[in-house]
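Asker: Residue numbers (this note's numbering), protein chains in the order written: chain A, 1 to 322; chain B, 1001 to 1322; chain C, 2001 to 2258; chain D, 3001 to 3258.
The set of hints was computed from the structure by calculation and includes no laboratory data. The beta-carbon is built from N, C-alpha and C at its ideal position, and this holds for glycine as well. Don't take each hint at face value.
[To be verified] Chain C side only, calculated, beta carbon under 8 Å to chain A, not exhaustive: (1) 2018; (2) 2049; (3) 2091; (4) 2194; (5) 2216; (6) 2219; (7) 2220; (8) 2226; (9) 2229; (10) 2241; (11) 2245.
[As the list claims (entries may be wrong)] Just so you have them, the derived chain A footprint on chain B, three or more residues with Cβ under 8 Å: (12) 1050-1056; (13) 1198-1205; (14) 1223-1235; (15) 1244-1250; (16) 1268-1281.
[Unchecked claim] Sample of chain C residues facing chain D (criterion: CB under 8 Å; computed from the structure): (17) 2023; (18) 2044; (19) 2046.
Residue strings, one per chain:
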Amino acid sequence: MTPLPANDVDLRVQLLSLMLKNPVMPASGCFSFGREVARFYDLGLLGAIVVKATTLTERMGNPTPRVAETPAGMLNAIGLQNPGVERVLEEELPHLAKYDNLPVIVNVAGTAVEDYVEVVRRLGDSPLVAAIELNISCPNVKCGGIQFGTDRGMAAEMVAAVKEAATQPVIVKLSPNVADIGDMAQACEEAGADALSLINTLVGMRIDIDRRTPLLANGTGGLSGPAILPVAVRMVYEVAARVRIPVIGVGGVASGRDAVEFLQAGAVAVQVGTANFTDPFACPRIIEEVRDWCAASGVSRVADLIAAANPAALRLRKERAL
Amino acid sequence: MTPLPANDVDLRVQLLSLMLKNPVMPASGCFSFGREVARFYDLGLLGAIVVKATTLTERMGNPTPRVAETPAGMLNAIGLQNPGVERVLEEELPHLAKYDNLPVIVNVAGTAVEDYVEVVRRLGDSPLVAAIELNISCPNVKCGGIQFGTDRGMAAEMVAAVKEAATQPVIVKLSPNVADIGDMAQACEEAGADALSLINTLVGMRIDIDRRTPLLANGTGGLSGPAILPVAVRMVYEVAARVRIPVIGVGGVASGRDAVEFLQAGAVAVQVGTANFTDPFACPRIIEEVRDWCAASGVSRVADLIAAANPAALRLRKERAL
Amino acid sequence: MVASARILRHTEIARGIFDLRFFSPDAARTATPGQFVHIRVSDSFDFVLRRPLSVCRVDPSEGSVTVVYRVQGAGTRRLATMAAGAQLDVLGPLGQGFPLHAGDVRAVLVGGGVGVPPLVELAARLAAQGTAVTSVVGFQTRAQAILQDELALYGDVRTTTDDGSLGLRGLVTGVLTQGFVDGANRYYACGPTPMLQAVQRTMAGLQVPGYLSLEERMGCGFGICVGCVHPIERDGRVQNLKTCKDGPVFPAGEVLFT
Amino acid sequence: MVASARILRHTEIARGIFDLRFFSPDAARTATPGQFVHIRVSDSFDFVLRRPLSVCRVDPSEGSVTVVYRVQGAGTRRLATMAAGAQLDVLGPLGQGFPLHAGDVRAVLVGGGVGVPPLVELAARLAAQGTAVTSVVGFQTRAQAILQDELALYGDVRTTTDDGSLGLRGLVTGVLTQGFVDGANRYYACGPTPMLQAVQRTMAGLQVPGYLSLEERMGCGFGICVGCVHPIERDGRVQNLKTCKDGPVFPAGEVLFT
Ligand SMILES: Cc1cc2nc3c(=O)[nH]c(=O)nc-3n(C[C@H](O)[C@H](O)[C@H](O)COP(=O)(O)OP(=O)(O)OC[C@H]3O[C@@H](n4cnc5c(N)ncnc54)[C@H](O)[C@@H]3O)c2cc1C
Ligand SMILES: Cc1cc2nc3c(=O)[nH]c(=O)nc-3n(C[C@H](O)[C@H](O)[C@H](O)COP(=O)(O)OP(=O)(O)OC[C@H]3O[C@@H](n4cnc5c(N)ncnc54)[C@H](O)[C@@H]3O)c2cc1C
Ligand SMILES: Cc1cc2nc3c(=O)[nH]c(=O)nc-3n(C[C@H](O)[C@H](O)[C@H](O)COP(=O)(O)O)c2cc1C
Ligand SMILES: Cc1cc2nc3c(=O)[nH]c(=O)nc-3n(C[C@H](O)[C@H](O)[C@H](O)COP(=O)(O)O)c2cc1C
Ligand code: FES
Ligand code: FES
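Isolated chain A (complex conformation) (with noise of 0.2 Å):
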């Protein structure tokens, strides 16, 4: 393959209904809802945006410590801290009305399908928002979030139902905290689920051993960053070439080879969570990351990386254009 100009390759990647300028976005949890990053940079440069979980009413989340360090990782037990979906709908969202071709998703969470179901329905009014990200795989709330997300039953029902209800798009998050990932994403995908994202984090500790007790005040914490990354790539793969519906790559995208191998596992699109910790910009770093190796790779058009390491993906893929 002969190198391009960076300027003629192509990075757009069409997302359900939604053609996204480029394949990054921000990761739920790891962006708010865009307003101190947007002191950074503009936010307009990114794929689309997917805002911190929301819940129907007011959480306070969990006592601090809430995130510890990790052997290239982080945990965290947040606890999905946030103001309710009416405050959110209010104060938060709107000034990502400003920014063009901006695709806005908003990740929910609860405790009980019905509360699922009813953020879903308020979001339902709102223009601003592209689609839902339905998070059943929070591993940090006592009841709720992660149960959904690992019995097979129940996640197909509160897909069923949040798809009665919702007008937008969703997408469902699933969790790596499972024996077989396909089988939970074929749940998902009968149940009615438009798209996948994976995967949320995986369930994890550290001690202080000097203080001889778990380190985060909630004791276990969500894993993420680059030590997952692996774990990522395997699951998209597998569930890639086992649904028809889109696959979105998470955990552990630091930089642009990153995304490159989350797209040829089969995701057509990929979140970044962590890496806006250790730098800000990541985003808009690793978007021109990705066109400068499409570029030096002679790679046109970003679109053709999906699935490209992943034959039973890109079979699917085939089958479902036509």
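Starting from the known structure of chain A, fit chains B, C and D with the ligands onto it as the hints suggest.
Answerer: Chains B, C and D with the ligands in isolation, oriented as in the chain A frame:
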């Protein structure tokens, strides 16, 4: 706590009927049968030795590449290459007889219950073998291995069958690729396991983006190394609070502090895997680091650290001691 | 806001405590006392999180910022290996620093351990606006005492140590008596949480208002992870505010401890 | 066997190709051509695996070992930043090198790219025992050609490049004709797997026995992980032997390619 002279630290821990001179042993598959490392240091320094997975008949393993590097870790897909139990007994183990007080733990793998049982039966005749480690968690062979480790019923059946055939204590090595590790642990305990070791590797994948294909010939591989330590600590913590049999901690141990972390989580000993590749002297170094940490922290008996950060596990331990 | 800043000076000023000065004209111009910088100690994934360190001094004419830190764990140990001349990845200044009140006649500054550094720039600014400064600083032991000479440029300094090896034996609160705070309009405190809690209680009893600079573990340092919160009673309700963005300095009367 | 070795010299000898000399008297004394050293490029967990590099030259009097490597990925990129004077964590020499046969009159050495380095020490030892040496070395392009002068000290050197920018255009096997190998008792080859495969086939056809130095991804480098195996036909059966311990050099006739 006031510091102690390093020589005053008692490193011994009790594992089943074995009094180990210290809590550090190499992990299966990361030390071969000990011969190569014996060129570097006296194996008699180790708390115990766990040798490479042994199957009924010789196995050639998977095609190469079999290893890949990942952030703070590596993937492997060795595929259980080994000369089969007869040659293991005849050629690989005898050299270990010359070490005083070096319990030899043989890791057993296979594809069907009968294979496992037969290997265990043959090992039963060897006075050199102090314990069996049942590998129901190898992610790198097509049939057998991991499916026993991710299905409650199959695990229990396997453990029961092996226990019936075994003359030595049976340690069951658990897979982390499950939604509920505590439940798997309990299933194994109820089926008669004498102890548990955890974790084996997480299933992962890397893609060679320049060649557009998974890097490992096998596609997926097992993720090990510091990256997985928080997952392993969490699982040890959970399992130690759930079962009454002893737990051995494995996953990412690279320093004395890491070993102490596992002990405080509830492990009675730790296994060191990937760190042997980074540093051939990892095991004796970690033993000395544990000693130094204890001395600096005023801990006179390393056994007192077990479950120190895990009140529920400590309670179980005390009940058991009564 | 994010800069690759050259290290101008890096010296050990007490056992395991370092003074690090780097070149960052923007930060030197804009930083206020009580704000912090968020430093990436290595480009290795061993450290995916940055380390927050308080601004100790700024020198706008030299374009330099100084932080003073103690080697605590792996990250600060790594930082301590970096030599003058090397480039440092610095984000900041971040957060809300100590508010100055122009009419204050006298202020009491209370610092514990590596909570002392931000008080130095604060003392300088208070003195510059004509507020008399008295400092009370506490350390575990003499070998870890730092920055008393710097603080002494701006007013009286009382020192306490846990073991009595320097100054008064005991805690900083032992110094904070009615007579000592007489005439003080305000206090400013930074140090470990138990100290802040004790100071808050003592000064409330003495009816002196003030500010506390809180220390919470941080993910991002600029408000996007919601990791670093502390319960703050404000507008009649308890809120978990971000210490990196809404703090680290809060009015003492608003800060809740559990 | 494991040493913290001081870097004596570290220079870029062609675009992205470095010559690294380090001080290791033991290794310099015991290493044989075809053996390798296993280098830890950083103490960061970003690199849990060491990198294998062939011994290119040893100088027992100076106590030095030289390796020549190409920057390939993150690890060698990191290695390339280390300056002379720095300490390097080196394990080795490891593996089985090229066997020398005292009575050989003439040997043909075949190298491709960064497979050329081990041939230099080999050529020196062959020459020292009176074996005439002819080398054939292939590169992608002129800018990546290395070590021809060093090899020329011990005999004729033919060069090929894929793009014809230096020497013959084409592959090394283009040179390996009946006439060329005439009188050769043996060949020694090191380079990328497709090259080794082609050389093995060609030389078998020309009925010259020889040795291949194989390249497999390594975990440990000394035999404990069983990651680096290659199928070898020995004692009448196919065995997956460890290239780090039983190799990297094997008799060409035993090596199976799929
Ligand atoms: C706003 C603020 C200002 C600070 N200013 C100073 C200062 O001027 N001088 C100084 O010496 N120290 C200061 N600290 C504490 C300093 O940030 C920690 O000592 C340092 O981050 C420890 O890093 P480490 O890599 O050595 O420890 P590690 O234990 O390896 O750190 C692991 C993780 O825990 C975090 N962490 C560990 N200890 C603390 C702690 N006590 N407080 C907050 N995070 C911690 C680290 O930032 C990192 O994310 C400040 C903390 C905060 C929140
Ligand atoms: C016995 C032996 C001798 C070698 N001698 C030389 C030499 O003298 N000069 C030289 O330039 N190169 C040599 N190589 C190849 C060299 O080891 C790799 O180029 C190097 O490991 C790549 O590391 P990296 O960090 O740059 O690449 P990365 O892609 O970041 O490496 C990731 C992992 O893959 C391994 N890897 C990547 N490419 C290769 C490869 N081609 N072969 C083996 N492992 C690889 C690395 O060792 C590491 O474990 C030799 C390889 C072997 C097996
Ligand atoms: C601090 C923090 C908060 C998070 N909050 C959420 C959340 O609210 N909803 C959600 O679906 N995922 C949440 N996640 C998970 C991330 O969106 C992402 O799935 C995960 O971190 C893996 O990606 P990474 O390795 O790039 O961080 C959070 C992660 C972190 C680190
Ligand atoms: C190269 C390699 C080979 C392994 N082979 C085995 C094996 O044969 N049997 C087994 O039970 N575990 C095997 N394991 C898993 C380790 O014993 C250990 O559970 C895992 O690597 C986690 O520990 P670590 O992070 O310290 O490496 C292997 C791991 C590696 C890296
Ligand atoms: S540290 Fe991330 S919000 Fe404060
Ligand atoms: S690299 Fe580990 S056995 Fe060869």
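Asker: Give a verdict on every hint.
Answerer: Quick rundown of the hints versus the structure:
1. 2018: violated, 20 Å
2. 2049: holds, 5 Å
3. 2091: holds, 7 Å
4. 2194: violated, 13 Å
5. 2216: holds, 5 Å
6. 2219: holds, 4 Å
7. 2220: Residue 2220/C check passes; min Cβ-Cβ to chain A is 4 Å, inside 8 Å.
8. 2226: Holds, about 5 Å.
9. 2229: Interface hint status for residue 2229/C: holds (6 Å vs cutoff 8 Å).
10. 2241: Result: violated, 11 Å to nearest chain A Cβ.
11. 2245: holds, 7 Å
12. 1050-1056: violated (count 0)
13. 1198-1205: holds (count 4)
14. 1223-1235: holds (count 10)
15. 1244-1250: Per the Cβ count (0), the hint is violated.
16. 1268-1281: Violated: only 0 residues of the segment 1268-1281 of chain B have a Cβ under 8 Å from chain A.
17. 2023: violated, 23 Å
18. 2044: Where the cut-off is 8 Å and the nearest Cβ of chain D is about 4 Å from residue 2044/C, the hint holds.
19. 2046: holds, 5 Å
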